[in-house]
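A.B. asks: Model the full assembly from the supplied sequences, consistent with the hints where possible.
Chains A and B supply the protein sequences, listed in that same order.
Residues in the first sequence are numbered from 1 upward in steps of one, following full-length UniProt numbering.
Residues in the second sequence are numbered from 1 upward in steps of one, following full-length UniProt numbering.
Read the hints as simulated data drawn from the structure, not as lab findings.
Keep in mind the model is a prediction, meaning the values are calculated, not measured.
Any given hint could turn out to be false.
[Unchecked claim] Facing chain A, according to a computed beta carbon distance under 7 Å, are these residues of chain B, among others:
| no. | residue |
| --- | --- |
| 1 | Val55 |
| 2 | Pro56 |
| 3 | Asn57 |
| 4 | Leu59 |
| 5 | Leu60 |
[Unchecked claim] Now the stretches of chain A that chain B is said to cover, found in silico as 3 or more residues with beta-carbon under 8 Å:
| no. | segment |
| --- | --- |
| 6 | 359-370 |
| 7 | 397-411 |
[As the list claims (entries may be wrong)] Using C-beta positions, here's what the derived DEER-type ranges look like:
| no. | chain 1 | residue 1 | chain 2 | residue 2 | range |
| --- | --- | --- | --- | --- | --- |
| 8 | A | Lys377 | B | Arg48 | 29 to 37 Å |
| 9 | A | Tyr351 | B | Thr61 | 35 to 43 Å |
| 10 | B | His27 | A | Gln326 | 14 to 22 Å |
| 11 | B | Arg24 | A | Trp477 | 41 to 49 Å |
Even for Gly, the Cβ is constructed at its ideal location relative to N, Cα and C.
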Amino acid sequence: GMAEAEAAGDAGLAPAAAQEGAELAAVIGATVPTGFEQTAAEEVREKLGSASRISKDRGKIYFEVPARSLPQVHRLRSVDNLFVVVQEFKDYQFKENKEDALKDLEDLVKKLPWTDPLKVWELNNSLKKKKTKRKKHNLQSSASRGKLSDGGEEGGADQNNTNDQEDCAPNPEAVEPTGGQDTENPQGVTSRNGVEEEEDNEQSDVKVEVQASSESGTKAGDGQTGEGEAKVLRFRVTCNRAGDKHSFTSNEAARDFGGAVQEHFQWKADMTNFDVEVLLNIHNNEVVVGIALTEESLHRRNITHFGPTTLRSTLAYGMLRLCDPQPTDIIVDPMCGTGAIPIEGAAEWPYCYHIAGDNNPQAVKRAANNISSLLRKNESKDSSTALGVPLDVVQWDICNLPLRTGSVDIVVTDMPFGKRIGSKKKNWDLYPACLMEMGRICTPGTGRAVLLTQDKKCFAKALSRVGHIWRRAQTVWVNVGGLHAAVYLLRRTSERAEETRSFW
Amino acid sequence: KLGHPSELPPEPTPGYEADEEFLRRLHHVLLEVEVLEGSLQCPDSGRRFPISRGVPNLLLTEDEA
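C.D. replies: Below you can see the structure in the form of structure tokens.
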């Protein structure tokens with residue numbers, strides 16, 4: 001059919017097949033917090049030396065690396081999930097008729113250059129095996145959840161525990177989480193990584209039952225497995241589809257594409273216990289076929305003790321990068337919660353000094369516990385003392401910070417969202433007071449602040465009142481737990497703060 | 001007041017940036033010692049702020065704020 005010719009003729013991007021002696025290269029797709037694509041691209045450039053393409057499908061970047069760089073790729077801190085690209089189609093022409101469109105997708109399978117990406121997948125597996133001793137949790141198993149009863153002044157009456165996380169199992173070595181975390185997704189759809197609010201994003205949960213049963217899983221003809229066992233590979237297809245001109249749903253696409261994959265490879269379909277996760281990402285006319293390289297989001301890496309609103313590490317990293325920390329900078333998070341931001345900061349910017357503070361005793365306790373977990377990870381076998389971490393926790397009041405005027409280089413924090421902690425009315429009073437106090441402790445001229453908030457109206461109003469000490473330099477629109485939020489980069493003006501402190 | 005009263009002078013002496021021995025002791029006290037239980041005392045008011053499990057509580061009372 002016409003689409004076939006078009007699909008084949010379309011200059012879809014795929015890594016050149018490895019020739020004799022040529023090194024295996026991979027085109028990697030990475031999902032990152034929406035809004036931080038540029039930041040992620042900079043990290044890739046800095047750590048891997050590769051340039052990235054930022055996709056129109058928000059929250060994704062693509063870059064090419066030699067396959068041996070995979071360990072470094074996994075250590076990227078701005079990335080939530082990784083996949084290896086099988087093929088990319090910049091301008092795929094879908095047939096208007098549903099059956100035809102789906103048939104085209106089915107026919108596509110046998111034409112795709114699977115060989116090298118599957119090699120990358122195998123290589124990735126051998127890397128994962130070295131790590132599996134520690135992590136036995138299957139991300140999809142639901143650990144017990146309990147809602148944190150928010151004590152103190154934060155009044156948890158209208159807590160919406162929607163979170164951008166899905167089930168993220170804590171590190172089994174750590175103490176049981178003291179707080180629960182609600183994993184409800186506001187759209188009612190299970191998502192694998194940080195929720196991206198795409199138009200009509202659906203994920204396939206359809207089992208390719210009919211064909212699976214006829215196979216009866218006795219085929220051993222899959223030379224692809226690098227696991228030393230002659231077993232049949234299990235797979236699933238995950239389809240994300242966005243756009244209003246498609247004649248089919250993501251479920252249908254996943255089902256039919258999956259059928260063709262099974263036919264082609266003789267693999268066994270299994271939605272929960274799979275070896276290979278094939279990704280079919282459709283964003284208007286952009287189609288990307290990939291194979292997942294991560295099975296759980298990387299963004300929970302630092303936090304073992306959750307709170308109701310724990311920020312994902314990748315977002316914390318993006319925020320910190322935005323303020324360009326320099327060695328010897330003092331970086332303060334005055335409303336640190338469980339400490340996601342300062343912990344990420346201390347790990348990645350060890351030549352800065354990080355101070356985490358909160359008024360809530362539970363938050364402070366959890367932050368301290370998270371730091372202890374980090375210290376325990378750093379312990380060497382020989383000595384009982386751990387390598388220190390340039391980070392301290394204090395219990396304090398954001399409106400009366402025990403810090404000298406002008407002594408802090410960077411203030412970075414996740415401001416209370418009216419919907420999750422506190423209330424909108426409280427924010428009205430809190431925000432201006434916070435901005436004033438943050439302005440006082442921050443170094444005039446060179447200081448900066450990076451603030452995340454969902455209450456954009458309240459923030460804008462508060463900011464207009466402190467124009468003499470803060471200037472808005474950049475705004476990044478992000479998605480946190482299904483809520484549209486914003487990250488503001490502010491620069492401290494040269495104007496000195498008044499000494500209004502009566503106590504400190 | 002960490003049990004080493006004789007090791008650190010009450011105030012930095014001039015030229016302290018070049019005094020490696022002093023810097024080493026200062027670094028130790030600031031960055032290598034962690035107070036787990038104790039208190040911080042305000043030099044002006046004498047008011048003590050407790051430190052519990054490594055975390056100082058610097059919240060002010062209603063009157064102080």
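A.B. asks: Taking the hints in turn, state whether each one holds.
C.D. replies: Taking the hints in turn, this is what the structure says about them:
no.: 1; hint: Val55; verdict: holds (5 Å)
no.: 2; hint: Pro56; verdict: holds (5 Å)
no.: 3; hint: Asn57; verdict: holds (4 Å)
no.: 4; hint: Leu59; verdict: holds (5 Å)
no.: 5; hint: Leu60; verdict: holds (5 Å)
no.: 6; hint: 359-370; verdict: holds (count 4)
no.: 7; hint: 397-411; verdict: holds (count 4)
no.: 8; hint: A:Lys377 <-> B:Arg48: 29 to 37 Å; verdict: holds (34 Å)
no.: 9; hint: A:Tyr351 <-> B:Thr61: 35 to 43 Å; verdict: holds (37 Å)
no.: 10; hint: B:His27 <-> A:Gln326: 14 to 22 Å; verdict: holds (20 Å)
no.: 11; hint: B:Arg24 <-> A:Trp477: 41 to 49 Å; verdict: holds (48 Å)
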